[in-house]
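Read off the chains here:
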Amino acid sequence: MGSYIFRRLLAVLGVLLAVSVLVFSISSLLPANVAYLILGPFAPPEQVRVLELRLGLTDPIWQQYWRWVSGFLSGDLGQSMLMNRPIAPLLAEAIGHSLILTLSSFVLIATIGVTLGIVAALHHGKPLDHGVSIITYLGVAVPEFFWAIVVIMVFAGWLGWLPSSGYEPLASGFWVWAQHLIAPTLTLVFAHLAHVSRLTRSSMIEIMQSPYIVAARAKGLPERIIVRHHALRNALLPTITVLALDFGRLMGGIVVVETVFGYPGLGRLIVFSIQNRDLPTLQAAILVVAAIYALANLTADLLYARLNPKIRYGRNVS
Amino acid sequence: MSLQLKIGLLLTLTIVLLGLLAPWIAPHPWDTIAIKSRFLPPNSTYWLGTDEFGRDVLSRVLMGTGLSIAMGVSATLVSLAIGIPIGLAAGYFQGRTDEVLMRFADVLMAVPPIMLGLLVLAVTPPSLWKTALTVGFVYIPPIARVTRSVTLSLAHEDFIQAAKARAETNTYILFRELLPNAWPPLIVEASLRVTYAILLGSALSFLGLGAQPPSSDWGLMISEARSFIDRAPWIALAPGLAMCALVIGVNLIGDGAREYLDPRLKAGVGKA
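Protein sequence lines, in the order shown, are assigned to chains A and R. Sequential numbering from 532 applies to the first sequence in the working numbering. Sequential numbering from 19 applies to the second sequence in the working numbering.
Please note that a few of the clues may not be correct.
Claimed, not checked - On the chain A side, residues computed to face chain R include the following (Cβ under 10 angstroms):
| id | residue |
| --- | --- |
| 1 | Pro-674 |
| 2 | Leu-730 |
| 3 | Ser-733 |
I should point out that these hints are in silico values taken from the structure, not numbers from a laboratory. Beta carbons: idealized from backbone N, C-alpha and C, even for Gly.
Use the sequences and the hints to build the structure in full.
This is the structure in structure tokens:
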């Protein structure tokens with residue numbers, strides 16, 4: 532297991548390296564370069580040339596890439612073009628905001644989703660199962676941005692309970708801070724609940740019909756013990772993989788949700804930097820998201836290996 | 019056929035039919051600006067009201083139906099065609115093949131779909147078919163991964179050992195032995211993918227990187243209606259609810275089909 536973890540960590544680094552090449556090459560295809568963007572559309576061409584030379588934009592592409600990556604590794608993420616601030620603190624602040632949002636949503640999704648899935652599976656075909664299905668169907672069928680608008684319409688417009696957008700630091704009071712978190716969290720949880728609960732339900736139903744459960748029933752074990760000790764562990768295996776995917780989807784979900792709610796996190800930073808062609812910020816932000824996501828994936832794989840005795844990584848099974 | 023599957027088929031076919039017939043049944047032109055009839059609430063002439071340019075919301079929603087369906091289906095076909103073979107090979111051959119294929123998938127998966135989409139689409143002038151292609155490309159890894167995990171659990175089953183003992187070719191084992199048994203989870207996944215593709219496509223349009231005005235793409239419509247949400251909520255609600263109905267329809271088909279295809283579930287023996 533130890534050597535497996537080591538090899539996977541190396542693989543994660545490899546993946547991040549590949550992602551950095553991908554991000555860098557795609558964004559260097561953007562029509563306008565940085566010098567042009569800094570000086571604005573009416574700058575005389577010779578001035579653009581001078582700045583290009585100074586910024587090293589005329590160097591071969593691999594030299595530019597190397598400069599960017601080595602800067603990244605030494606903690607120098609460069610300068611945001613539009614906000615004229617170093618990227619690192621800008622990004623750190625956005626990550627902090629986004630992590631609060633994603634983690635609170637993630638915990639809610641995992642607990643509510645798995646519970647709903649198990650309840651639905653144990654009442655397979657009964658009204659409760661249909662009720663759960665309808666709720667989760669609604670969640671997945673409504674796009675996040677539409678949920679966000681409905682949440683604003685209901686909680687900010689009609690009821691007036693929550694602010695429609697924005698963010699307040701914790702310093703201005705816990706309740707004010709939490710109020711700004713509720714609406715985006717609610718949106719994210721609703722929009723992402725279905726995958727977890729549906730998968731838990733379908734694998735739970737499948738497990739409950741497998742021979743070893745039938746055998747356990749034949750032994751006369753109470754249903755509660757069968758569910759808890761025999762079925763759950765196997766039924767939750769696929770769910771774990773999906774939870775890691777869901778973490779990634781949450782990181783994606785924040786793009787739309789933060790944009791609609793004007794919540795100053797990573798997602799809004801990314802959209803903002805695309806709209807304003809702020810390349811250095813875009814590159815750094817996406818690479819950071821990739822790093823967070825890669826670690827989440829690794830965690831899921833390790834958990835999967837740990838929980839499933841049938842799969843042993845690091846040894847060749849032929 | 020279960021009730022679920024019937025409702026799903028009915029809902030989806032109705033929407034598809036409405037989408038196909040849209041040019042003939044739309045009560046008003048979808049793109050004619052009429053300043054005098056702006057922001058009309060739903061009434062007997064304009065069943066779903068009018069938008070900020072006085073265009074009929076119902077006609078626009080109808081004309082947007084085809085766009086959404088085409089987006090979902092074409093994107094999913096792209097990702098299935100590439101993702102399934104990758105997943106089968108990775109799960110069956112394991113070892114080095116698995117490593118290489120999954121690391122390739124990891125690179126694509128290391129960035130959340132919408133961000134990968136944003137990154138790709140940020141460099142080209144936006145248009146709807148580019149968005150569809152990008153969405154399909156972005157969703158290859160999840161399909162490959164689900165296929166792989168199903169294959170992994172099947173690879174050591176007796177019927178695969180038997181096929182090996184019969185000296186069947188690898189292609190036969192992958193596509194004739196493993197694939198049919200991997201279908202039930204794949205159908206759930208593919209149906210979710212169609213809906214995710216519709217949702218991701220519309221989200222990209224919502225963010226301005228898909229369909230462009232004056233297109234009646236649902237995501238774009240909702241995005242444009244955002245500013246008028248307090249005075250004219252129907253402009254956003256109509257396309258939103260239409261998307262909701264379509265996505266639910268496709269999901270119901272996926273779920274219904276799974277129970278229909280999986281003989282163990284269909285038999286429904288005992289308490290489950």
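Checked hints:
Interface hint at A/Pro-674: satisfied, since its Cβ lies 5 angstroms from the closest Cβ of chain R, which is below the 10 angstroms cut-off. Taken as an interface hint, A/Leu-730 checks out: its beta carbon lies about 8 angstroms from the nearest beta carbon of chain R, inside 10 angstroms. Because the beta carbon of A/Ser-733 sits about 7 angstroms from the nearest beta carbon in chain R, less than 10 angstroms, this interface hint is met.
Going through the hint list in order, the structure satisfies each hint without exception.
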